[in-house]
Structures are given as structure tokens and as C-alpha cells.
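Undergrad: Residue numbers (our numbering), protein chains in the order written: chain A, 1 to 422; chain B, 1 to 422.
Quick caveat, the hints were computed from the structure, so don't treat them as lab data.
Since the model is a prediction, treat every value here as computed from it, not as a measurement.
Heads up, simulated DMTMM-like pairs for lysine to aspartate or glutamate below, C-alpha to C-alpha not over 25 Å straight-line:
1. A:Lys336 <-> A:Asp325
2. A:Lys105 <-> B:Asp314
3. B:Lys336 <-> A:Glu343
4. B:Lys221 <-> B:Asp14
5. B:Lys336 <-> B:Glu271
6. A:Lys105 <-> B:Asp325
7. B:Lys105 <-> B:Asp14
8. B:Lys105 <-> A:Asp325
9. A:Lys240 <-> A:Glu323
10. A:Lys240 <-> A:Glu270
11. A:Lys240 <-> A:Glu271
12. A:Lys105 <-> A:Glu213
13. A:Lys336 <-> B:Glu343
14. B:Lys105 <-> A:Glu323
15. A:Lys105 <-> B:Glu323
16. A:Lys336 <-> B:Asp325
17. B:Lys105 <-> B:Asp16
18. B:Lys105 <-> A:Asp314
19. A:Lys221 <-> B:Glu323
20. B:Lys221 <-> A:Asp325
To give an idea of the interface, some chain B residues facing chain A are shown, with a C-beta separation under 8 Å as derived from the structure:
21. Ile86
22. Ser90
23. Asp95
24. Ala100
25. Trp193
26. Arg218
27. His292
Note that the Cβ used here is the ideal one computed from N, Cα and C, for glycine as well.
Protein chains: 2
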Amino acid sequence: MYARPVSLAARLADLDSGRIGVEASLRESLERIEAVDGDLAAFVSRAPEESLAAAHSASGPLAGIAFGVKDIFDTADMPTEHGSPIYRGSRPRADAALVAMARTKGACIIGKTATTEFASMDPAATRNPHDPAHTPGGSSSGSAAAVAAGMVPAACGSQTGGSVIRPASFCGVAGYKPSFRLLPTVGMKTFAWSLDTAGLFAASVADVALLAELLTGRPLKVPPLSGAGGISIGLYRSGKDGDLDPQMQAAWDQAAATFEAAGARLVEIEEPAALVAAREAHGTVQGFEAAHALLDERSRHRGAMGPKILATLDAGAAILPAEYDAARRIARIGRKAATALFEEVDALLVPSAVGPAPKGHAFTGDPVMNKLWTLTGNPVVNVPGLLAQGGLPLGVSIVTRFGRDAEALAIGDLLERALARQ
Amino acid sequence: MYARPVSLAARLADLDSGRIGVEASLRESLERIEAVDGDLAAFVSRAPEESLAAAHSASGPLAGIAFGVKDIFDTADMPTEHGSPIYRGSRPRADAALVAMARTKGACIIGKTATTEFASMDPAATRNPHDPAHTPGGSSSGSAAAVAAGMVPAACGSQTGGSVIRPASFCGVAGYKPSFRLLPTVGMKTFAWSLDTAGLFAASVADVALLAELLTGRPLKVPPLSGAGGISIGLYRSGKDGDLDPQMQAAWDQAAATFEAAGARLVEIEEPAALVAAREAHGTVQGFEAAHALLDERSRHRGAMGPKILATLDAGAAILPAEYDAARRIARIGRKAATALFEEVDALLVPSAVGPAPKGHAFTGDPVMNKLWTLTGNPVVNVPGLLAQGGLPLGVSIVTRFGRDAEALAIGDLLERALARQ
Chain A
1 MYARPVSLAA
11 RLADLDSGRI
21 GVEASLRESL
31 ERIEAVDGDL
41 AAFVSRAPEE
51 SLAAAHSASG
61 PLAGIAFGVK
71 DIFDTADMPT
81 EHGSPIYRGS
91 RPRADAALVA
101 MARTKGACII
111 GKTATTEFAS
121 MDPAATRNPH
131 DPAHTPGGSS
141 SGSAAAVAAG
151 MVPAACGSQT
161 GGSVIRPASF
171 CGVAGYKPSF
181 RLLPTVGMKT
191 FAWSLDTAGL
201 FAASVADVAL
211 LAELLTGRPL
221 KVPPLSGAGG
231 ISIGLYRSGK
241 DGDLDPQMQA
251 AWDQAAATFE
261 AAGARLVEIE
271 EPAALVAARE
281 AHGTVQGFEA
291 AHALLDERSR
301 HRGAMGPKIL
311 ATLDAGAAIL
321 PAEYDAARRI
331 ARIGRKAATA
341 LFEEVDALLV
351 PSAVGPAPKG
361 HAFTGDPVMN
371 KLWTLTGNPV
381 VNVPGLLAQG
391 GLPLGVSIVT
401 RFGRDAEALA
411 IGDLLERALA
421 RQ
Chain B
1 MYARPVSLAA
11 RLADLDSGRI
21 GVEASLRESL
31 ERIEAVDGDL
41 AAFVSRAPEE
51 SLAAAHSASG
61 PLAGIAFGVK
71 DIFDTADMPT
81 EHGSPIYRGS
91 RPRADAALVA
101 MARTKGACII
111 GKTATTEFAS
121 MDPAATRNPH
131 DPAHTPGGSS
141 SGSAAAVAAG
151 MVPAACGSQT
161 GGSVIRPASF
171 CGVAGYKPSF
181 RLLPTVGMKT
191 FAWSLDTAGL
201 FAASVADVAL
211 LAELLTGRPL
221 KVPPLSGAGG
231 ISIGLYRSGK
241 DGDLDPQMQA
251 AWDQAAATFE
261 AAGARLVEIE
271 EPAALVAARE
281 AHGTVQGFEA
291 AHALLDERSR
301 HRGAMGPKIL
311 ATLDAGAAIL
321 PAEYDAARRI
331 ARIGRKAATA
341 LFEEVDALLV
351 PSAVGPAPKG
361 HAFTGDPVMN
371 KLWTLTGNPV
381 VNVPGLLAQG
391 GLPLGVSIVT
401 RFGRDAEALA
411 IGDLLERALA
421 RQ
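Just need the whole structure built from these sequences, with the hints factored in.
TA: And the structure:
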């Protein structure tokens with residue numbers, strides 16, 4: 001209904017050929033925001049006139065591209081409120097590193113996108129562009145919705161549990177959670193320092209790969225793979241698969257069959273015990289770190305915090321250092337076990353969420369399918385293109401070895417194109 | 001001349017027994033600051049009246065303790081300026097995690113201590129309490145000087161190269177750089193995210209260990225070891241030892257002999273090639289990360305930055321992602337090599353700096369003796385008590401295996417007490 005993503009690659013080609021100018025391209029984004037954001041509430045603030053004027057004369061590979069920034073990243077020209085009344089009107093002195101990277105490449109930071117409170121589970125006001133009665137997911141709610149609705153061709157978010165991949169799945173766009181610390185988190189509000197991962201959204205996998213390459217200077221742009229011959233895909237079966245909606249199970253099966261038809265070898269993988277334990281350890285690592293990261297807010301502004309984040313912080317404050325250290329050891333063993341999986345296969349195929357976006361706006365969905373890979377730090381790409389009955393999107397994820405981000409993006413792109421041909 | 005550190009343990013005992021009250025203890029710190037900080041310039045801002053009043057009625061194990069906070073840690077009640085005019089008057093909305101930890105334990109954040117510009121090499125105005133004609137070292141210049149001069153019994157700083165251990169050595173106080181991420185860096189200005197380590201200062205090793213225990217709830221307080229029987233100490237010989245001032249060489253020899261006399265077994269260790277390479281990789285990791293962390297400042301406020309940090313950032317911006325990745329691989333191998341050292345010995349004994357504090361204030365000293373251990377993340381404790389001719393302090397460092405912080409503190413305390421008996 002509102003879903004109409006704009007391809008970054010196509011827009012850059014149009015800018016490059018002169019079919020559209022920088023100012024006209026940015027105006028198109030502003031007009032789309034004007035037209036639909038009253039209904040979708042993806043943005044919590046918009047760029048001031050001076051910043052728009054500066055973007056009109058910007059140069060660099062992203063000149064003319066409107067970029068949405070999750071409102072936990074600092075911006076010097078707009079408030080940064082973390083989805084919390086505690087930070088109402090707060091204006092940092094400098095841009096976050098990722099924001100500065102986007103600006104120096106010519107992008108226009110067109111506005112700040114809605115986040116759940118401190119990127120946790122108390123929801124933002126944002127609605128799903130595919131059906132506003134449903135959640136867009138969280139915590140990067142606004143960035144996923146803004147890209148899905150074509151308000152921007154590119155946006156950034158962050159993931160501590162499932163906050164990039166889950167909203168990308170719910171909104172039917174590409175989401176990319178890079179290898180841990182491939183994108184800097186400097187100037188991003190910390191929730192859990194050993195989990196927080198900055199990520200990106202764009203219309204397609206090819207678009208998000210191009211975005212990542214232009215931002216970082218790393219060779220991430222997808223190659224035009226013609227088939228999956230020689231590629232092995234692990235169907236990663238976890239103890240959490242019982243939580244899957246039958247429609248997500250069917251989407252997973254369809255993605256696997258699509259890979260097989262393209263020539264890939266499918267390999268059944270039972271989740272190793274070390275990774276069962278690692279998923280269980282996620283909550284301890286997250287809770288202990290969050291209770292420290294947000295200690296001042298919890299101590300001095302308790303009454304201004306939502307019930308879900310308070311419950312997480314209160315539980316986290318009760319975790320002893322020895323329990324945290326034990327969870328970190330389990331995480332370290334889990335990272336090695338995750339690396340070992342890729343001795344057998346090139347990539348894993350896993351569901352991006354337990355099902356389509358839940359109805360309502362109080363619950364942003366379950367991160368159970370994502371949090372293990374956030375803890376291990378492996379790159380994950382949400383591949384859009386599959387649908388549930390009624391038209392809500394269903395995403396599947398490609399996971400590769402730590403540092404093999406280009407491979408995750410290339411294999412995700414292959415799947416996305418193969419699905420589109422069906 | 002101004003050097004007169006106040007023991008945290010002694011002050012806490014006095015508070016506990018009622019020999020001094022909370023308000024009187026804080027007043028003593030304020031009066032000492034009033035008396036000497038005009039000459040030493042350790043503080044860049046002081047707590048407002050409301051914060052002092054709140055501290056008078058604080059409870060917790062650190063109630064009555066004046067705590068100095070390096071001015072790269074956010075404070076909600078005082079400006080946080082990072083030693084840079086770009087941040088003049090900047091006031092964050094929340095306390096950094098470590099500051100909030102200190103406050104919730106009852107400490108009074110009595111002021112912000114001077115830092116070199118962005119905790120790099122352009123100096124602060126601070127002078128060395130042992131001789132104001134000399135540098136106190138950097139980048140945690142003010143915290144080290146404030147503890148040495150007895151303005152506060154406790155302070156925090158940070159180390160990316162040698163910014164805790166070097167000023168502790170130059171100022172003759174205990175400095176503790178914990179295992180990487182034992183203390184949270186949330187709300188601390190990032191210079192290089194895989195190196196930045198929050199650390200602590202106090203009068204003696206026993207004091208800094210007590211401080212760390214009270215802040216974190218971890219069992220770090222030193223036990224009363226009576227001798228070094230059964231302990232093996234590695235004399236770590238690196239290719240950089242040619243840089244040592246003969247007085248530091250003599251101090252190192254004296255510390256080794258002291259250990260031996262206390263019953264320790266001394267082991268000669270030649271620096272392994274993996275650690276030679278790791279030290280060389282430090283600059284690449286630091287430069288690449290700093291160029292991203294401070295991209296906005298460098299892009300928009302170049303004219304307001306000092307020559308040393310600009311040179312570091314400009315060089316860092318020229319480092320390619322592939323060069324950075326290669327340096328990170330070398331660092332990872334170095335961490336394993338560092339761990340392997342402790343299969344042979346319990347602790348390493350190394351110089352904390354190449355010599356005593358240099359004369360003048362333009363140069364804060366060379367971090368060459370420290371940066372390897374910052375990169376590897378091992379705990380390091382500066383042990384005070386040795387002196388150069390003329391009375392300037394010379395520190396030696398105890399380094400232990402990653403995570404064995406309590407051992408580094410206990411062994412450092414043993415050495416400090418043995419030196420005091422000589």
C-alpha cells in the first residue's frame with residue numbers, strides 16, 4: 001500500500017547520466033516523506049534548510065542520495081533523542097562516525113528515523129508500509145519503513161539482538177548487519193558494547209552492497225553471479241525452529257529449493273551445542289552491559305523510561321560480574337563454533353524472523369532468529385522477495401564467516417534475483 | 001614539592017571510623033585544589049554547588065571520596081571538552097558509565113581533569129607535581145597530577161597508547177590499565193575503539209586495587225602477600241630497550257632484584273616476533289580508527305585542531321581498509337602470543353616509560369613502552385616508589401595474562417611494599 005522502495009543503484013545511475021539532478025533527487029525524497037510520513041511516522045526530525053542547501057552542492061559518490069539516520073546516531077544539525085524523553089531536544093556537538101562518512105561521500109542526511117526507546121523493545125510510533133496496522137519491527141523501525149516506502153533509497157540502523165534484520169524482513173527491504181565493527185559505532189548510543197552493530201538498509205541486496213562499498217571504500221559491491229554452481233548452502237536447523245510460523249517455514253523451504261535449482265549444494269546442519277549455549281548467553285551479556293551503559297539514565301530518570309527497557313536494565317543490574325564473565329566465555333567459544341560451520345559450507349540460510357510482521361504496534365517482534373549471529377559477529381544479509389498470505393513480506397537471511405561480508409552480499413543477491421524470476 | 005598523595009584506603013578507614021566526616025573529607029580535597037591547582041592546572045572544571053551538596057549526603061562505599069574525572073568522560077553536571085576548543089562549553093545529557101558507577105557508589109565527582117587534545121599528543125596545561133618544570137605525561141595528565149598532589153585520592157583516565165601508565169610513572173602514583181573492556185568506555189570520547197581502555201589512578205597499588213573493587217564489584221583488592229616465593233617474573237626484553245634512559249634501566253634492574261630477594265624466580269624473555277609485529281601494527285590500527293572516530297571534527301573544524309592530532313588523523317585517513325585489516329590480523333596473532341607468555345611466567349616486569357618525565361610541557365613523553373600492552377589488552381599496573389637523580393619518579397609495570405587483573409595488582413602491591421622497605 002505504501003511500499004514502493006527506490007533502488008539506490010538505479011538512482012545513482014540516473015544521477016550519473018544526468019537524467020535527474022542532485023536537487024531534484026533530494027526533492028523527490030522530501031515530497032515522498034511529505035506525502036506518506038504522516039501515516040507511517042518513520043521520521044522523528046527533518047534536516048534543517050542549511051543542511052539541505054549544503055547537500056545540494058555536495059560532491060562525492062552519494063551526492064543526491066537522501067540518507068535516513070536512526071535516531072541513536074549523533075547528528076550535529078538535528079536533535080538526537082534515542083527514542084527517549086530524557087533526550088528531548090538534545091543536540092550533540094559532532095556527527096557520529098557513520099553519519100560523517102555518509103556526509104563526506106556526499107549524501108544528504110535528510111532526517112532522523114524513529115527508534116524504539118534506546119533501541120530496545122518499547123515501540124516507536126512507526127507503522128509498516130505494507131500494512132499500517134502492523135509493526136515495522138524494531139528497533140530500527142523508522143529506517144526500515146523509510147526505505148520500504150521509498151522515502152529514502154538508503155538508511156542506517158543498528159542491531160544488538162535483531163534490530164536490523166527483523167525490521168528489514170517485516171518491511172520487505174534488504175538489511176545488512178556487517179561483521180562486528182566493520183562499520184564504526186562511534187557516536188551511536190551504546191546499549192551493549194560487545195553486541196551493538198551498525199547496519200544498513202536499501203531496496204535490494206545489490207543496493208545495500210553498493211551503499212556499503214561507497215561508504216567504506218571496501219570491495220562489497222555484488223558481482224553478477226550467474227548461478228549457484230559450486231556454492232554450498234547450509235540449512236541451519238536450531239532448537240528455535242519450533243517457533244516458526246508455517247508461512248516462514250514455507251518461505252525458508254522455497255529459498256532453499258531456489259538455491260538448489262540454481263545449482264547450489266544444500267547441506268543440513270544441526271545446531272552445535274556451543275551455539276545453543278551462545279544464544280542462551282546473549283541475554284546475560286546484553287543485560288549486564290546495558291545496565292552499565294544506561295546506569296545514569298536508570299539512576300536519575302527512572303520515571304521517564306518505558307516498562308520493557310526498565311525490566312531489561314533491572315534484570316541486568318542483578319547479574320554478577322562472574323556470571324557475565326562466564327557468558328562472555330560461552331560467547332567466545334560460540335564464535336569459534338560459528339567459524340567452524342564454514343569449513344563445511346559457504347553460507348547459511350536461516351529465517352530472518354519467526355514470521356511476518358505481527359499485527360499491532362505494541363510488540364516489535366521476536367529477535368530469536370537473529371540474536372545468535374549478533375553475538376557471534378558474523379555478517380548477515382536479509383533477502384527480501386518472499387511474501388506471506390495477504391502480502392506481508394517474509395525475509396530469509398544469508399550468514400557467512402566473520403569477515404566474509406562480500407560473500408554474504410553476493411549470495412544474497414543471487415537468491416534475490418532467482419526469487420524475482422519465479 | 002607539590003607531591004603528597006592521599007591514600008584511598010587510609011581515607012576510607014578514617015571515614016569508616018568517624019575520624020573524618022564525608023563533608024570534611026571532601027572539603028580537604030577542595031582546599032588542596034584551591035591551594036595548589038593554580039600552579040599545577042590539573043583541573044579544567046569543578047563540580048557545581050548542587051553536586052557537592054548531593055555528595056555530602058551520598059551513601060555507598062566511596063562516600064566522602066573526591067574523584068577526578070578525565071575530561072573525555074561525559075558528565076551531566078559539568079562541561080566535557082575533550083581538551084579541544086571545538087567542545088568548549090559542551091554539556092552532555094548523561095554521565096559516562098564509569099562516572100555513573102562512581103556516583104552510585106557514593107563518590108563525589110569533584111571536577112574534570114585536564115586531558116591532552118582528544119587524549120592524543122597535543123599537551124594540556126598541567127604540570128608535574130614533583131617538578132612543575134616537567135610534563136606530568138599524557139594524555140591523562142590532570143588525573144595523574146591530581147592524585148600525585150593529593151587533590152583527590154582517586155581518579156580515572158584512559159589509555160590508547162600509554163596514557164594511564166606513562167603519566168602514573170611520571171607522577172609517582174599507581175596507575176591501573178585493566179584488561180580490555182573490564183571498565184566500560186560508554187560515554188568516553190572514542191579515539192580508537194579497539195584500543196581505548198578506561199583506567200584508574202590512586203596513591204598506591206593497594207589503593208587503586210581497592211578503588212577498582214569498589215567501583216566494579218569484582219574481587220580485585222590485593223591480598224596481603226608476604227613474599228614472592230613460588231612466583232615467576234618475566235624480564236621482558238624488547239627491541240625498544242635501547243630507548244631506555246640509564247636511570248630507568250637501573251630502576252628496572254632494582255625492581256627485578258627486589259623480586260628476587262623476595263623469593264621470586266626471574267626468567268629472561270626475548271620478545272617474540274609476533275609481538276614485535278604487534279607493536280608495529282599499533283599505529284595502523286590507531287590511525288585508521290581515529291580517522292573514522294574524529295571524521296566530523298577533522299572535516300568541519302580542522303582549523304581548531306592541534307598539529308599533532310591533525311598529523312595523526314591525516315595519516316590515518318590515508319590507511320586503506322586492507323592495510324587496517326592486515327594490522328588487525330597481526331594484533332589478533334599478537335594477543336595469542338601475549339597469552340602464551342604466561343605459560344612460562346606469572347607476570348612480566350617492564351619499564352613504564354623510557355625514563356623520568358621530560359623537561360618542558362610541549363612533549364608529554366613517549367608511549368613506546370606501553371602501546372604493545374594496550375593493543376594486546378593485557379592488564380598493566382604501574383608501581384611507584386623508584387626515583388631518578390633529582391627526585392623525579394620512575395615507574396615499572398606489572399603485566400599479567402588477559403583477565404588476570406587481580407594477579408597484576410597483587411604482584412604490583414608486593415613489589416611496591418618491598419621497594420618501600422629498602
